[in-house]
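*Asks:* This is what each chain is made of:
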Amino acid sequence: MARIAVLIAQRLGLGVLILFAVSLIIMFVVELLPGDTCQELMGQGATPQTLQACRAALGLDDPMHERYLSWLGGMLTGDMGISLANQRPIDELVIRRILNTFFLAGIAAAIAVPLSLMLGILAAMYRNSIFDRIVNVSTLTSISFPEFFVAYILIFIFAVELGMFPSVSNVHADMAFQERLYRSLLPALSLTLVITAHMMRMTRATIVNLMASPYIEMARLKGIRGMRIITYHALPNAFAPIINVITLNLAYLIVGVVVVEVVFVYPGLGQLLVDAVSNRDMPLVQAGALMFAAVYVLLNLFADIVSIISNPRLLHPR
Amino acid sequence: MKLLEQAPLSAKFGMAIIVVYVIAAVFAPILAPYPQRAIVGSQFEAISAAHWLGTDHLGRDMLSRLIYAARNTVGIAVAATALTFLFGCMLGFLAATIGGWGDQLLSRAADTILAIPTLIFALMLLTVFGTALPVLVLVIGFLESPKVFRIARSSAMNVVVMDFVEAARLRGEGVGWIMRRELLPNVMAPLVAEFGLRFCFVFLMISALSFLGLGIQPPLADWGAMVRETAQLISFGVPTPLIPAFAIALLTIAVNFVVDWFLYKQSGLKEERA
Amino acid sequence: MTATSPDDEKSVLLDIRGLVIEARSEDTWAPIVKGVDVTLHREEVLGLIGESGAGKSTIGLAALGFARDGCRISGGDISFDGIALRELSEGRMGRLRGARIAYVAQSAAASFNPARRIDDQVCETAVQHGIMSRPEARKRARRLYATLRLPDPDSFGRRFPHQVSGGQLQRAMVAMALVCGPDLIVFDEPTTALDVTTQIEVLAAIKDAIRAERAAALYITHDLAVVGQIADRIKVLLQGEEVEEGETEQILYHPKEDYTRKLVKVRSVSKPGHTDMSDTPAIEARHVTAAYGKGLKVLDDVSVSVAKGATTAIVGESGSGKSTLARAMTGLLPPLSGGCHLNGVELPPQLKHRSKDQLRRLQMIYQMPDVAVNPRQLIDEIIGRPLTFYFGTTGRKRRDRVAELLELVELSPDLAKRPPAALSGGQKQRICIARALAAEPDVVICDEVTSALDQVVADGVLKLLLRLQEEFQTSYVFITHDLATVRAIADDVAVMYLGQVVEHGAKDDILNNPQHDYTKKLLSSVPRMEMGWLDRVLAERAKGREAIS
Chain A
1 MARIAVLIAQ RLGLGVLILF AVSLIIMFVV ELLPGDTCQE LMGQGATPQT LQACRAALGL
61 DDPMHERYLS WLGGMLTGDM GISLANQRPI DELVIRRILN TFFLAGIAAA IAVPLSLMLG
121 ILAAMYRNSI FDRIVNVSTL TSISFPEFFV AYILIFIFAV ELGMFPSVSN VHADMAFQER
181 LYRSLLPALS LTLVITAHMM RMTRATIVNL MASPYIEMAR LKGIRGMRII TYHALPNAFA
241 PIINVITLNL AYLIVGVVVV EVVFVYPGLG QLLVDAVSNR DMPLVQAGAL MFAAVYVLLN
301 LFADIVSIIS NPRLLHPR
Chain B
1 MKLLEQAPLS AKFGMAIIVV YVIAAVFAPI LAPYPQRAIV GSQFEAISAA HWLGTDHLGR
61 DMLSRLIYAA RNTVGIAVAA TALTFLFGCM LGFLAATIGG WGDQLLSRAA DTILAIPTLI
121 FALMLLTVFG TALPVLVLVI GFLESPKVFR IARSSAMNVV VMDFVEAARL RGEGVGWIMR
181 RELLPNVMAP LVAEFGLRFC FVFLMISALS FLGLGIQPPL ADWGAMVRET AQLISFGVPT
241 PLIPAFAIAL LTIAVNFVVD WFLYKQSGLK EERA
Chain C
1 MTATSPDDEK SVLLDIRGLV IEARSEDTWA PIVKGVDVTL HREEVLGLIG ESGAGKSTIG
61 LAALGFARDG CRISGGDISF DGIALRELSE GRMGRLRGAR IAYVAQSAAA SFNPARRIDD
121 QVCETAVQHG IMSRPEARKR ARRLYATLRL PDPDSFGRRF PHQVSGGQLQ RAMVAMALVC
181 GPDLIVFDEP TTALDVTTQI EVLAAIKDAI RAERAAALYI THDLAVVGQI ADRIKVLLQG
241 EEVEEGETEQ ILYHPKEDYT RKLVKVRSVS KPGHTDMSDT PAIEARHVTA AYGKGLKVLD
301 DVSVSVAKGA TTAIVGESGS GKSTLARAMT GLLPPLSGGC HLNGVELPPQ LKHRSKDQLR
361 RLQMIYQMPD VAVNPRQLID EIIGRPLTFY FGTTGRKRRD RVAELLELVE LSPDLAKRPP
421 AALSGGQKQR ICIARALAAE PDVVICDEVT SALDQVVADG VLKLLLRLQE EFQTSYVFIT
481 HDLATVRAIA DDVAVMYLGQ VVEHGAKDDI LNNPQHDYTK KLLSSVPRME MGWLDRVLAE
541 RAKGREAIS
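Chains as they are written, first to last, in the working numbering: chain A, 1 to 318; chain B, 1 to 274; chain C, 1 to 549.
So here's chain A without its partners, still in its complex pose (with noise of 0.2 Å):
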């Protein structure tokens, strides 16, 4: 248990020394910038005296290596600074719009991941039977597809054609759940079609990979049949991939959700950083990314310990 124990500390160890790279290289990428938040604040109207003024009030003066501590302290103490487009304090902003974000991540991670795995294990069962093959070219498709292409598809039918739900999902903090369920259900469902697809086939890679192991094989030599092959003999190995296989697509849904917020101007946490980019919030631009980069960095971590902590060498060491 010990050797767990470290291997574990390691990597949340190794998470913290990424996070703090990912900040550094945030903050640096900005540093680039010409001219500074206080010229961004003020715009044309600035003499060097109310710059000067300016500077010395936000501390833009001091050396950079001050100014990120300061910026990284913030960041972890839920200072974040003030947004330049309309001189809110940006926690304020973040907090909120990363909730309603997680709300809509969750619809979908609710639907795709029971479904995904499903299907996935079904297509790796009946490998290249019709139903496998049907699923192939069908999964291929809508991988192809672009996020807005599925989320326009599903407001042509679902909101102009049929009239069933809003085009545009204006969730907020006050409404009732399932007002609020309804209205994102549409962005959901696009999020849902575009991530179950990478998840289904990676998952039937994953079984069908496990149902190639000699030790199946074996099982079937032992008089071992159906159901108790895949529950008994597969699962347990194949629960640290799946695992994998979820983080990675679940990672993928923070980045299909800056599109899909957009065209259903859902007043989530990627839709605040595409007006913070198209208003060169700066501020604004680096909280929002140090936020998705944090929450992708904290998926990958978690997929990793699950698949230290779901080793049998590792659990029951010699």
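Each statement offered as a hint is correct.
Computed list of lysine to aspartate or glutamate pairs in DMTMM-like fashion (alpha-carbon distance at most 20 Å, straight line):
(1) C:Lys356 with B:Glu166
(2) C:Lys352 with B:Glu166
(3) C:Lys34 with C:Asp15
(4) C:Lys139 with C:Asp154
(5) C:Lys256 with C:Asp232
(6) C:Lys352 with B:Asp103
(7) C:Lys265 with C:Asp482
(8) C:Lys308 with C:Glu440
(9) C:Lys265 with C:Glu51
(10) B:Lys147 with A:Asp304
(11) C:Lys352 with B:Glu173
(12) B:Lys265 with C:Asp27
(13) B:Lys265 with C:Asp69
(14) C:Lys262 with C:Asp482
(15) B:Lys265 with A:Asp132
Keep in mind that the hints were calculated from the coordinates and are not lab data.
With chain A held as given, fit chains B and C onto it using these hints.
*Replies:* Frame of chain A, contents of chains B and C only:
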């Protein structure tokens, strides 16, 4: 030729589509009825004999822009993918060949870049560096290359451990010779497949960026941007924005079908050798 | 054909007639088993022997009514105890497998599920088929562990597969096969992946267990000496067809067919060992100590020397450090202390510090010819590159020299423009020899160069190596685990065990009069091509143990 005949329907379909796109891209000025930047009608004209697909929000011919976009979008995607491969493969082979600390350094750097979601990172970099075409190609080449690096490194690793590479090392051959003569010919197949897949990825990302307003900039025609420009039509029940979106999807499907067949062929060959 | 059994009163258990099995290649089916008959009586052991491609494993699986992916049973009848297996439904077939017909695979490490305890896997069939309750099955498993001489039989089964050694796991798989008391067990190369000293223990355990359980067995192997210890009758197969079948005694001592005679003879070459150590050794390792990273010492104060124009065999089992010694000599793994001398001159420990001439003088040939030549280069390029690299030979001169080298290794010069894929394993190994010769080396390190080859092919390669040594006075460092090969080619022998050289001297001295305990054990563990060898060795060892206690 015989190989082509044996290809499954999906792969043949894919190849035919790719040929059509290439023709559209190469002969765009001949095929398109109007220039891509010309305003030739009023806003959002409906489908007519003069404008087969109607006009966009500025009154430009949709069909012409659709054809020109093949040139712009696909051209940029190919350029960005090529750059990605140049970076990724060179560093990947180098890491596999030299091993040790150099390998560690390159691999950890790749991990760090991969730790930031690509689209988010791209949004940030494009905000900072602007959206000129060379910048776009460079940024995407930079962000996608760690993925190619990983594939190139791991396929090269599989070859590096083989005895014929050791034999070359013992003979006293240099790193360059080993990379060029021993590694490269043996990793071509997986890398060709990866090129196809990576192209799809890059192509979809450029489209997404254009759709978000940070990719290929107007007045150049681009499918992602065309979707954004005409998006409002959808709520009036006009499917125009779906057309450029479909153009993106169709090419990606075609490439995916061909790559899928290629991969299937490859795995079949491997099984036989074993 | 009709095989007559010594005791006809025992009834026929397995009866295979005209078996045809096809394998898919591209879009067509090609036969890999071409009409083979197998008759096996109750409590009888039939050995199926043949080299790679003989179809012996495929026949073994067919006895369980099973064909691997990409294979199909397309003709013939398989009758087990009067039941026609080919007509059985999957469900009824499943109830037969494990319960009445059991299977033991070559690699236990791969055939055990890494996520389940050994007991759960051993008892699974008995419990699932409702033959025994779980406690009954456990009890039976414990008894079998004891029969198979596994350590600590009461708690052995509670471990996971990765927690026990390879030899133990192989015996656990035998227990798994025996648990339901099957009538027939198919053994598919069950000792091939093991070291010889482990092999003899597993072999003895299998033999006792078959006898105690009164089971019949199909014993599949490529090693005639092994099957000679355990089988009543032997069937020799070649490329999916039967060569001959007979009583074990007849096959071992009076084979009818040429092919069988070749198999029995093992090595047709032999070399009277001569040692002349007065001269400076061609290559010498002096007090070499080496480790991978900061890990355990893999080589511990190893000293080995090879005389000019002579062969020193480095003998040892897996993990003994013999391949690591080769890496230290070539400079791939610089030693922690000690060093290597070529013609009396010390070599720089690191590969990159060695001169081109030093590199040229020390060449290497590998175990797997398939991965030792670049599949994307033509033979011409493979053999020609050292010519250009070391001597600057190009153009016509290089082409002529390549043709000369090909003839030297007894291949047609026409092969020069072919890719390696067009060649067989033995031919590829000859290409590797030609590549080494192209450098005109003083010393060639041969790392298990014959162990991936079929016996008859390996024999030809050894013959070639001997001829070339006579012609060019090349020295060989010959790394091998196979003592028959040592007998055939070596002048001197160094025996390695756990990273140390335990004995080093003239071949005849060491093989005929070993001093070290490990050498004695190793030599006595090598299966001999004679009946009753196993029983004799075991009896001797038991006597030795008694004498000590």
